[in-house]
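Trainee: Given only the sequences and the hints, what does the whole structure look like? Please build it.
In my numbering, the protein residues as written are -15 to 248.
Keep in mind the hints are simulated off the structure, nothing from the lab.
Below, a list of computed lysine to aspartate or glutamate pairs in the EDC-like style, where the Cα atoms sit at most 16 Å apart:
| id | residue 1 | residue 2 |
| --- | --- | --- |
| 1 | 117 | 26 |
| 2 | 10 | 20 |
| 3 | 10 | 58 |
| 4 | 117 | 25 |
| 5 | 117 | 18 |
| 6 | 10 | 46 |
Using C-beta positions, here's what the derived DEER-type ranges look like:
| id | residue 1 | residue 2 | range |
| --- | --- | --- | --- |
| 7 | 229 | 105 | 20 to 28 Å |
| 8 | 120 | 234 | 29 to 37 Å |
| 9 | 48 | 134 | 31 to 39 Å |
| 10 | 169 | 36 | 51 to 59 Å |
| 11 | 67 | 26 | 21 to 29 Å |
C-beta atoms are modelled at their ideal positions from N, C-alpha and C, and glycine is treated no differently.
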Amino acid sequence: MKKLLALIILLGLLAFNISADGIAIKDDAYLLSESEKYQLEEKIDSYKRQYQIDFVIYTTNEYYAGDVRYAAADYYDYNGYRSEGVLLYINMANREYFVLTTGDNTIYRITDYAIEKMNDGLGDRLSDGDYFKAMNHYLDSIAYYLDFYNETHSPYDYNNHKTQSEKLNDALLFSGIIAAAVTLIFTVIMVSQLKSIKAQRNASAYSVNGRSFLKADITKSRDMFLYRTVTRVPIPKPNDSSHGGSSTFHGSSGISHGGGGGRF
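Mentor: Below, the structure is given as structure tokens:
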């Protein structure tokens, strides 16, 4: 009897741990083969141990009438996942997806800008039907942003990132500024050395053997338009909507979430 009771308690604890940890991949839309699902689960298990947050993928064929971000939030909040984690929600009926972030630390590290950049490739892969590649892109992008924070102690944001092309452009701009400064200095030095150039006060300086090459014959006068004044008024640029950081919303549970998504 005692052994049976101990076994029941043990099974209960195991069931609690499974539900508390949540299911890494719930593919209700059947987008993955068994082999693909296994590969993704292996990667998720590795990332969960490395970053200590939940990585979740949920696909569905059920149409959702409201904003899908609330469907994503409710799935995460009511299925036993950790207080820190990310979820890729794919709704095949709506043809919409949403990347959900949960927990203060995760929301801070995975900014709106980071999700926007990730979704550029995510939406394209989903549109092409490359669901396995899309899910790998989601997992690897989140890992990259978390590594970026660990290395720089700042989140990947619109004012805190440099791609290789941007670094090259910065280098070229700096080189251009240096070249222009050197040219200006050289020009100033050359002009200052031209001491023989003087303003002449009479026309005799322009004569040879008393014969002037300049004659003043003013018989007519007329007004000539030589210059004009242009007043330039700068046109204000549209307000920059890039504010950085992460915007949040609350699911039906009252828990705060961040994230972003789109259609495919």
